Amino acid sequence: MIAGFGAIVARDLRLALRQGSDSLMVVTFFVLTVVLFPFGVGPEAGILERISAGVLWVTALLASMLSLDRLFQTDYEDGSLDLMTRGPAPLGVLVLGKVTAHWLTTGLPLLLAAPVLAVLLNMNAAGFGVLVLAFLIGTPTLSLIGAVGAALVLGARRGGVLLSLLVLPLYIPVLVFGVSAVDAAVMDLPVRAQLLILGGFLFAAAALCPWATAAALRQAVE
Amino acid sequence: MTDQAFDDAAEFAGRGLACIRGERIVFADLDFSLAPGEAILLLGPNGSGKSSLLRVMAGLLRPAAGALTWGGAPVAEDPEAHGGRSRYIGHHDAIKPVLTVRENVGFWSSLWSGDGSTATVQRALAAFGIAHLLDVPGRWLSAGQKRRVNLSRLLAAPAPLWLLDEPTTALDRATVAVVEGLIAEHRARGGMVVLSTHTDVALPGAKVLQMDDFTVPMDWAGLDAAEEALS
Amino acid sequence: MQDFFDMGGYAGFVWPSYGIAAVVLALLFVFTWRLLKTSERRLAQLQAARGRRPRRDRAGDAPAAAAPHETAPAEPADAAGEMR
Amino acid sequence: MHRFANPNRFLKLANAILPWAAGATVILLLAGLYFSLVASPEDYQQGATVRIMYVHVPAAWMALFVYTAMAVASAVALIWKHPVSDLFAKAASPVGAAFTFIALATGAFWGKPMWGTWWVWDARLTSMLILFFLYLGHMALMNAFDDPQRGFRAAAVLALVGVVNVPIIKFSVDWWNTLHQPASVVRMDGPAIDPAMMTPLLLMAFAFKAYFVTVVLLRMRGEIAEAKVRAISMSQVHG
Chain Z
1 MIAGFGAIVA RDLRLALRQG SDSLMVVTFF VLTVVLFPFG VGPEAGILER ISAGVLWVTA
61 LLASMLSLDR LFQTDYEDGS LDLMTRGPAP LGVLVLGKVT AHWLTTGLPL LLAAPVLAVL
121 LNMNAAGFGV LVLAFLIGTP TLSLIGAVGA ALVLGARRGG VLLSLLVLPL YIPVLVFGVS
181 AVDAAVMDLP VRAQLLILGG FLFAAAALCP WATAAALRQA VE
Chain F
1 MTDQAFDDAA EFAGRGLACI RGERIVFADL DFSLAPGEAI LLLGPNGSGK SSLLRVMAGL
61 LRPAAGALTW GGAPVAEDPE AHGGRSRYIG HHDAIKPVLT VRENVGFWSS LWSGDGSTAT
121 VQRALAAFGI AHLLDVPGRW LSAGQKRRVN LSRLLAAPAP LWLLDEPTTA LDRATVAVVE
181 GLIAEHRARG GMVVLSTHTD VALPGAKVLQ MDDFTVPMDW AGLDAAEEAL S
Chain D
1 MQDFFDMGGY AGFVWPSYGI AAVVLALLFV FTWRLLKTSE RRLAQLQAAR GRRPRRDRAG
61 DAPAAAAPHE TAPAEPADAA GEMR
Chain S
1 MHRFANPNRF LKLANAILPW AAGATVILLL AGLYFSLVAS PEDYQQGATV RIMYVHVPAA
61 WMALFVYTAM AVASAVALIW KHPVSDLFAK AASPVGAAFT FIALATGAFW GKPMWGTWWV
121 WDARLTSMLI LFFLYLGHMA LMNAFDDPQR GFRAAAVLAL VGVVNVPIIK FSVDWWNTLH
181 QPASVVRMDG PAIDPAMMTP LLLMAFAFKA YFVTVVLLRM RGEIAEAKVR AISMSQVHG
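Chain order of the listed sequences is Z, F, D and S.
Each residue of the first sequence is one higher than the one before, starting from 1 at the first, in the working numbering.
Each residue of the second sequence is one higher than the one before, starting from 1 at the first, in the working numbering.
Each residue of the third sequence is one higher than the one before, starting from 1 at the first, in the working numbering.
Each residue of the fourth sequence is one higher than the one before, starting from 1 at the first, in the working numbering.
There may be inaccurate statements among the hints.
Said to hold, decoys possible - PhoX-like cross-link-like pairs, simulated, lysine-lysine; straight-line CA separation at most 25 Å: (1) S:K112 - S:K170; (2) D:K37 - S:K170; (3) S:K12 - S:K170; (4) S:K112 - D:K37; (5) S:K12 - S:K81; (6) S:K112 - S:K81.
Calculated from the structure, these hints are not laboratory results.
Quantities reported herein were computed from a predicted structural model and do not represent experimental measurements.
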């Protein structure tokens, strides 16, 4: 079981690194979109600071969705998915492996880039620590939920657009509590409740999403 | 490759199998049984359900009716165990262009048998005469070489039941002979093979399953008739 | 009667609400009805065209064709062949 | 014995129910409208706008009811592979979306006189908006595949994932709403509903349910006819 998990994480990371890493594209999108906001809402520090948490979370959410539709697409087209769905290793574990690899190539870079961009948006330094912590707990949940969407749109017409319609409504709880955690930190209010709830989402997603993704993959392969 | 017989091989059978793809009944009321050492050759025109039957046997496709059993026990109860004791070779070769042959085969054999070592991979490739391709990335392989790398997975992670969907496409005469030899050796060790093909593959003593015998008129009238016959 | 339509000054909000609900439900019903009628008409045409061979013939023939495995393989093939 | 996709038994049942459902819809709708618009008192605080509630609240109930029904049907379809429940999910989704849209539109018309703006990020309306997106996602996914079976199965999994997320989204939106929204003066469903208002509310609710049954059965008959047309034309292709 664990061997299967390790094998697939290693394989997917190797694939990601050799195929021109998505991480660069994801982080570039994240930086670019955040940089657009001052042009939109004006450079006044006060406004930017007030919306900084929201901007960072929304753009991170969109960025992590970018590379989702390729999560299973190549395996679906070259027949690897057939072998995976029927293999002795439980499909849920393999999906968890692929999601971990996806998080390492997208969630982690976003996490590292977030504080830098927080400076651009003039966020109060008190919020940086919680921002990174909230990203650490929130972005894996985004990858887990996104994997369900990616499996559902396999072989669909215009899968990319459809994926965002399916997945974005499910991202709202993470967005709400992620932003409120950072806002609370900036105003020196307790953040424990929000982080615990984000943790709750993570464990719920880690338990349910691989199973739902496996079900979606099995019916996609039929 | 390793010479010990398959102790977990048992009679693999299917009763009253039916398969629906889209609104079309591909086949209905199909029975088969396969004892250790035996082979089944699936023949029939395109679209008669050869691939669908193989995917049903591989557990990839849920049959609309009927059930598969392994040594008497229903397969559906423990699909992962069925995955462990059978290998499925489909139309696609599942080879990543960016990974080398060693990584491609090694990944699957470590997933299936926990042993993804280079030695195992090398032995499997040698059986197909492509040991020299060990560190060649997938994108440089020809169709025939990709097919041989795909087939070498059968040897890298041995399992009693082989489900081969037109394994000899894109293979030259010499390699087909190699495949026939390996199948014979596999059966000699108590393994079982189900193989669909358009070209002639020598499978001595194999049971022939004509898919045409199990097609059913497709429209709803036929559907109702098929149902009365089955209920 | 006039004050009924006036709705205590809120006519501009009550009537449009009911209006929207009525329009949405009516449109949905009309689309559903039209979808149903076109599909069932096409089905009737197809079944009529398909039924040129006397229906009795297929009914008589159906059990044999549907359960070929009981009889010798050779015999049902032509029955099924004729059917297609 | 597992039944193939044999719709004929279902068709007989549907054709038997349809006239009754259609009749009930008309009667209940007329009675509901009469009680909503004429025979019920105006609210001392909201005046006549309370009459909008008699459409808004039943529509909101239907929006949730239909999504839950779809999720149950999807579970049945995935576990027992029962084709009729797939058809139900495909037929019910647009009706649920229509009711959600009605709930949103009437909510806006209700909010305008009270809060002065057409759209208010009130917890209930926001959750309704997200539910509307879940419906759109379900319908889009259902029709995004060439093979209808793929559409059915993918949408079934989505409906199950969605129904698990609805309470979580509701919880998050309520928290978000209390965080940013000063306690709104008038709650959406007004002060405690006094009995005179219950009759129109219930009549309209049942009228909507009868309408739902009628339209879903009609849509399912349409789907079955489409499936038969596909089956026959496919059989001519494959022979």
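Here is how each hint holds up against the structure:
no., hint, result
1, S:K112 - S:K170, "holds, 23 Å"
2, D:K37 - S:K170, "violated, 40 Å"
3, S:K12 - S:K170, "violated, 40 Å"
4, S:K112 - D:K37, "violated, 41 Å"
5, S:K12 - S:K81, "holds, 21 Å"
6, S:K112 - S:K81, "violated, 47 Å"
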